[in-house]
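Participant: So the protein sequences, as listed, match chains A and B.
Heads up, the working numbering is the position in the first sequence plus 194, with the first residue counted as 1.
Heads up, the working numbering is the position in the second sequence plus 35, with the first residue counted as 1.
Among these hints, one or two may not hold up.
Output of the computed footprint for chain B on chain A, the stretches with three or more beta carbons under 8 Å from beta carbons of chain B [said to hold, decoys possible]: (1) 258-271; (2) 285-296; (3) 343-356.
Since the hints were derived computationally from the structure, they do not count as laboratory data.
A quick note: this is a predicted structure, and the numbers were derived from the prediction, not measured.
Even glycine gets a Cβ: it sits at the ideal position worked out from N, Cα and C.
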Amino acid sequence: MSETPLLKLSGLEQVFDTRKGPVAAVGGVDLEIKAGKVLCLVGESGCGKTTTARAAAGITRPTSGAVEFRGKPLTAMNAAERTEYRRSVQYIHQDPYAALNPTRTVYSTLTAGLKRHGLVKGRTEARAKAAELLRLVDLTPPESYLDSYPHQLSGGQRQRVNVARSLAMDPKLLICDESTSMLDVSIRVSLLNTLGRLRDELDVGFLFITHDLAVAKYFAWDGEIAVMYLGKVVEHGPTPEVIGNPQHPYTKALIGAVCEPDPDLAKANRSAEQLRSAEIPSLHDLPAGCAFHPRCPAFEPGVCDGERPLLQLASRRNVACHVVARDRAPAAADDRTLTFDAVPGLRRPEPESAI
Amino acid sequence: MTAVEAPAPRRKFRESTLGQIWTGLTRSPAGFAGTVLVLAIVGFSFIGPLVVDQHNPTDTSQIWTAPSGEHWLGTQYEGKDTFTILVNSGAEPIWVGGMAATMAVIVAVVLGSIAGYFRGRIDALLLQLTDVTVTIPQFLLMIAVVAFFEDIPPWGVAIVVGSTMWAFLFRSIRAQVMSLKEREFVEAAKLQHLGTARIVFREILPNMAGFIFVNFVIAVNQAIYAIVGLYILGLMPSGTPNWGLMIHLSWQNNFFLLPVAMPFVLAPLLMIVLFTIGLVTMGRGLDQALNPRLRER
């Protein structure tokens, strides 16, 4: 793992000034994404997933910390390097309706960037390239979509056009901000399969943001998951590990909250962990010590409310929890309170049947 | 794999912008009627003078005659044919009005987009400028300028009229750009590195095309009113014939005491009213033509 990561976030902090005072939406996040790999960022609403992604995409400037692309910090880039970064890192918005200009046809949307950067010459070539992009995202036959306006397309088709537009720049990294959350479940799977194929065939890296653990499990099975809570990463590790054997109480609670169709399993999950409170603390006034302690089922007075826990290595992954760090004993490492099937529904299909 | 997404049945059509405007204009009956009306009056005023015999001598034996086969709208106070005068009267108000409106709209759109997109100091400066412009009473300014420069050419009038009209449109364009630039598709365009000028004028502006065209039409109307008004008040050099001058002359000759003088004052009034109605209905049709959502219905 000595190769330079494609994108590296180190100590990323984003503080917003509001009337009630400064709000630290993201408070120190370190992540790495490698080419052709998937990093899934999960967490509940308002935990800073999108803010992190926007900073990684260079849309917003982080308050402190650095975003490095191929080992070079964004702030130290010259114009040419920045153009290269801008083209290599593309961002797919959550809302497929808002992200397309309603006055432009699919053809015009797809080729605007290509024409601007001189990647295509002439109308015939531009149309051919646009058709190729549409074929990549399974909008076939392309000819029937090229001259459509966004309002003539369905949500899934629009999101595919969004993906195709990002691919026009020949990106090395796609940042998907809940890109599938607004789609119907059946369409979601087919879009995820399309994205998975891009990852496997074009070696595109992904920073995939979702609040849906089933999607994370399906899409990022070979990659990593980082669980965020109130602006911090609380658990980070390979997907099968995190989903199959969560260590942090918050991750356990997240997995326990996934709807389980099997009533016996559901009962087992429910009895496993119960949050002490459903209320999310305000970002204006974060609890002292571990930010999760007012809700944490494993809360121990004196241990959790003193210092802020750091991400530490606990059985092959990073966990930010005092209790886990203390109990980390060889015997406890294989404690499997939940099984691999704790997140039901979507199971990654066998490679040959994937596409 | 994507069998779930049935491709929408689409007919293949590739039309030019002009073609789209034309379909939009002819789709709704009202828009079509308006377009026909505007085209008819423009044609009447610009092509008419080439067709109609320009020889229209003063004839003291024919003063204030009623409409007849020879003189369709009768004659005026000098015995000249009213219809010939009417044909020659439309061109100046229309082109001066059009020019004033074009100027006002271009200034408002360019400055409004820049102010709304960039904000900051340039926005504050332009906003101050509009505040000042808005507080000046338009018609008084026009009267003062026209009275000061006695032999003002028609394009001079267009500049004066245009410079008083841009401020309000500037404000609404600025507000719309401020709202549109926060939309996600603008961010997506930025992510494609499309360049600021392109984002402002190719991504944002087309979303306001209908609004801008409707405002252009309204501006043409206002400008024509202003110019005709100046002529009616007798403040303009009475060189070329035009609608306002006709009304001014009929007023001077006490038309309200002369029933036979009615065609001379009603004809230009009718032209102005019809042109206004035509422009407004056409504007609505244009709005539909330039909005892809409305175009489909």
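Participant: For the stretch 285-296 of chain A, do three or more residues have a beta carbon lying closer than 8 Å to a beta carbon of chain B?
Facilitator: holds (count 8)
Participant: According to a criterion of three or more residues whose C-beta lies within less than 8 Å of a C-beta of chain B, is the stretch 343-356 of chain A covered?
Facilitator: Contact hint for the stretch 343-356 of chain A vs chain B: holds, 8 residues under 8 Å.
Participant: Would you say the stretch 258-271 of chain A counts as covered by chain B, given the rule of at least 3 residues with C-beta under 8 Å?
Facilitator: With 0 residues closer than 8 Å to chain B, the stretch 258-271 of chain A misses the three-residue bar; violated.
Of the numbered hints listed earlier, the single one contradicted by the structure is hint 1.
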